[in-house]
Amino acid sequence: MERVVVIGAGHAGVQVAASLREAGFTGAVTIVADEDHLPYQRPPLSKDHLHEASAPLPLRGRTFYEDNAVELLGGLTATTIDRARNAVTLSDGRILPYTRLVLATGARARCLPGVDEAHPGVHQIRTLADAEKLRGALRTARRAVVVGAGFLGLEFAAVARGKGVDVTVLEAGPRVLGRSLSRRWRPTSGRRTRRTGPGSCSARASLTCSCAGTPSKGCGTSGTFYPADLVLWPWEPTRATTWRGRRVWRWRTASSSTRTCAPRTPPSWRSATARLRRPEPGSIGCLESVQNATDQARHAAEVILGSAGPYAAVPWFWSHQGSLRLQIAGVRGPADATVTLGDVDAGKFSVLSFRDGLMTCVESLNRPADHLAARRLLGSDHRPTLDDVTVPGFQLKAVAAGLAPAAT
Amino acid sequence: MPTVVFHHPDAPPDVVEAPAETSLMRAAVQRGVRGIVGECGGQAMCATCHVYVHPEYLDELEPIGEDEDEMLEDTAAPRLERSRLGCQVPLDDARPEIHVDVPQTQV
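Line by line, the protein sequences give chains V and W. Our numbering applies: residue 1 is where the first sequence begins, and numbers increase by one. Our numbering applies: residue 1 is where the second sequence begins, and numbers increase by one.
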């Protein structure tokens, strides 16, 4: 009998099981989860979940697993993959044979030298346990240092500031959200973030942290010492897919599939950091988002069932930081031309990116209509051109409204 | 506890009890109601918890907010007068029961 084993129970791992069953797959489906909770939603961990003790939002109710005959093995990790025998060994010694194996283990926080990760004042946000520990620490914290001005760090900073904590964000790059937003955002995102989010942003700090001494710790950066009683080390993913410390999977770069390139290796991919072919031929990038995890999972299920076409989902992403609502559709390239629509001073605008004259990406601040229109347009054969958007009165929403409804 | 009845196009309804303040989406997802996805975790960002509220309950609900209104423009199933996002509709002790239709598709 066909048996799909999924390692990892995040958004992707659970979605692949759901998509297999929705498509009528009748073989066995087993999910191996290292945590012992019902698999849960991750985005609230850095937002609502830091505010109040609430039950985690499950990705699917318990009855989903029962009704769909999806076996959920919680509290276990996979220790060995035997590709010759098509079997996975679990941490309790049990051996799971498979006909198809899916790796959906997600990413781990990047480790830098000098950081004592075991220090009680050093936090990450990856799991429910991390978020609960962090929420507890926020009750008494007075000064927090966030290492890295990425989405997670800034979302946490906004929550912590709202609770009256003095927050300093340290960033090694020249600007806030540098890996995620186009250069056009430099002045605005920095200013807005400072106003409503973190206490200060320190650009170009070299990241060496020392966390010796209790109860108060410090982060030394470029010789400056930032005392803090809470250090957040947000989840910035490691780049390589690793298995027991060794990089074992390489991604096929020549096709837009989610398969690994190892011979006879079934479809497998990392969940939140699945590598996706960027619009430039041959180049790949990492996208850490719920949308990418679930769409890649849907695609992987189709690959298993033999019904997959090329992977073509439009990437999209969102972040809430205080009153800021940031949404991104598409993937920009480093050399893309940009055009800004909307009112920058009022904090409601979108930055549109173009390559070879065609729209590639729309980054919106408090303009959800632009975002939704962009998602539809980027997935269609009617992407706006640079010439289109420079016409006075141009609106993404109006162009998207002209698409056939099936174009979403 | 308030009760939500989720009517399906092709299956018997799901009757779900959940505490007040719980959103309709959360009540559905926790119980595993088919057809309610809630992909973004209740942030009004994904429009995958779209429901059609039965007309007799529409007036009792808080009006549609700006964000929800925008997101309803992008639902997979057609938007109707009685369309709402389940994540933006909290249950209320003052309304012991509410009936909604689950659309044919969310994604």
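No wet-lab data here; the hints were simulated from the structure. Treat the hints with care, as some may be off.
[Claimed, not checked] Below, a list of computed lysine to aspartate or glutamate pairs in the EDC-like style, where the Cα atoms sit at most 20 Å apart:
| # | chain 1 | residue 1 | chain 2 | residue 2 |
| --- | --- | --- | --- | --- |
| 1 | V | Lys47 | W | Asp67 |
| 2 | V | Lys47 | W | Asp74 |
| 3 | V | Lys397 | W | Glu70 |
| 4 | V | Lys348 | W | Glu68 |
| 5 | V | Lys47 | W | Glu21 |
| 6 | V | Lys397 | W | Asp74 |
| 7 | V | Lys348 | W | Glu21 |
| 8 | V | Lys47 | V | Asp67 |
| 9 | V | Lys397 | W | Asp67 |
| 10 | V | Lys348 | W | Asp14 |
| 11 | V | Lys163 | V | Glu117 |
| 12 | V | Lys163 | V | Asp48 |
| 13 | V | Lys348 | W | Glu66 |
| 14 | V | Lys397 | W | Glu73 |
[Said to hold, decoys possible] Some chain V residues close to chain W (C-beta under 10 Å, calculated; not the full set):
| # | residue |
| --- | --- |
| 15 | Asp48 |
| 16 | Tyr226 |
| 17 | Gln327 |
| 18 | His371 |
[Stated by the list, open to error] Listed below are several chain V residues computed to face chain W (Cβ distance under 8 Å; list not exhaustive):
| # | residue |
| --- | --- |
| 19 | Phe25 |
| 20 | Thr26 |
| 21 | Pro43 |
| 22 | Thr63 |
| 23 | Arg142 |
| 24 | Lys163 |
| 25 | Ser289 |
| 26 | Ala313 |
| 27 | Val314 |
| 28 | Trp318 |
| 29 | Leu372 |
A virtual CB, placed ideally from N, CA and C, is assigned to each residue, including glycine.
Hint-by-hint comparison with the structure:
For the given pair, lysine 47/V sits about 18 Å from aspartate 67/W by alpha-carbon distance, which is consistent with the 20 Å threshold. Distance hint between lysine 47/V and aspartate 74/W is unfulfilled; the C-alpha atoms sit about 24 Å from each other, more than 20 Å. Using a Cα cut-off of 20 Å, the hinted pair lysine 397/V and glutamate 70/W holds, with the two alpha carbons roughly 10 Å apart. Between the alpha carbons of lysine 348/V and glutamate 68/W the distance comes to roughly 17 Å, so the proposed pair stays at or under 20 Å and holds.
For the suggested pair lysine 47/V and glutamate 21/W, the alpha carbons sit about 18 Å apart, so the restraint of at most 20 Å is met. Distance check on the hinted pair: lysine 397/V and aspartate 74/W sit about 11 Å apart at the alpha-carbon level, within 20 Å; holds. Our distance criterion of 20 Å between C-alpha atoms is broken by lysine 348/V and glutamate 21/W, whose separation comes to about 30 Å. Taking the CA atoms of lysine 47/V and aspartate 67/V, the gap is about 31 Å. The hint is violated against a cut of 20 Å.
At roughly 15 Å between alpha-carbon atoms, lysine 397/V and aspartate 67/W fall within 20 Å of each other, so this suggested pair holds. Simply put, lysine 348/V and aspartate 14/W have alpha-carbon atoms about 41 Å apart, too far for the 20 Å limit, and the pair is violated. For the suggested pair lysine 163/V and glutamate 117/V, the alpha carbons sit about 24 Å apart, so the restraint of at most 20 Å is broken. Between lysine 163/V and aspartate 48/V, the direct Cα distance comes to roughly 13 Å. Compliance with the 20 Å bound is thereby established for this hinted pair.
The straight-line distance between the Cα atoms of lysine 348/V and glutamate 66/W is roughly 14 Å, inside the 20 Å bound, and the hint therefore holds. For the hint linking lysine 397/V to glutamate 73/W, the alpha-carbon distance of about 10 Å falls within 20 Å, and the restraint holds. The beta carbon of aspartate 48/V is positioned within 10 Å of a beta carbon in chain W (closest approach about 8 Å), and the interface hint is therefore held. For tyrosine 226/V, the interface hint is violated, the least distance from its beta-carbon to any beta-carbon of chain W being 31 Å, above 10 Å.
The closest approach between the C-beta of glutamine 327/V and any C-beta of chain W is roughly 7 Å, which is under the 10 Å cut-off, so the hint is satisfied. Proximity of histidine 371/V to chain W holds as hinted, the smallest CB-CB distance being about 8 Å (cut-off 10 Å). Using the Cβ-Cβ criterion of 8 Å, the hint placing phenylalanine 25/V at the interface with chain W is not satisfied: the shortest such distance is roughly 17 Å. Annotation: threonine 26/V was flagged as interfacial toward chain W, and the flag is violated, the nearest CB pair being 18 Å apart, outside 8 Å.
A least Cβ separation of about 5 Å between proline 43/V and chain W falls short of the 8 Å threshold, and the interface hint therefore holds. With its C-beta approaching chain W no nearer than about 4 Å, threonine 63/V sits inside the 8 Å limit, and its interface hint holds. Because the beta carbon of arginine 142/V sits about 29 Å from the nearest beta carbon in chain W, more than 8 Å, this interface hint is broken. Against a cut-off of 8 Å between C-beta atoms, the interface hint on lysine 163/V is violated, since the closest Cβ of chain W lies about 20 Å away.
For serine 289/V, the suggested interface contact is broken, since its CB lies about 10 Å from the closest CB of chain W, more than 8 Å. Violation of the interface hint for alanine 313/V is found here, the shortest Cβ-Cβ separation to chain W being roughly 11 Å, above the 8 Å cut-off. Proximity of valine 314/V to chain W is violated relative to the hint, the smallest CB-CB distance being about 12 Å (cut-off 8 Å). At about 5 Å, the closest approach between the beta carbon of tryptophan 318/V and any beta carbon in chain W falls short of 8 Å, and the interface hint on this residue holds.
A least Cβ separation of about 4 Å between leucine 372/V and chain W falls short of the 8 Å threshold, and the interface hint therefore holds.
Violation of the numbered hints given earlier is confined to hints 2, 7, 8, 10, 11, 16, 19, 20, 23, 24, 25, 26, 27; the remaining hints are satisfied by the structure.
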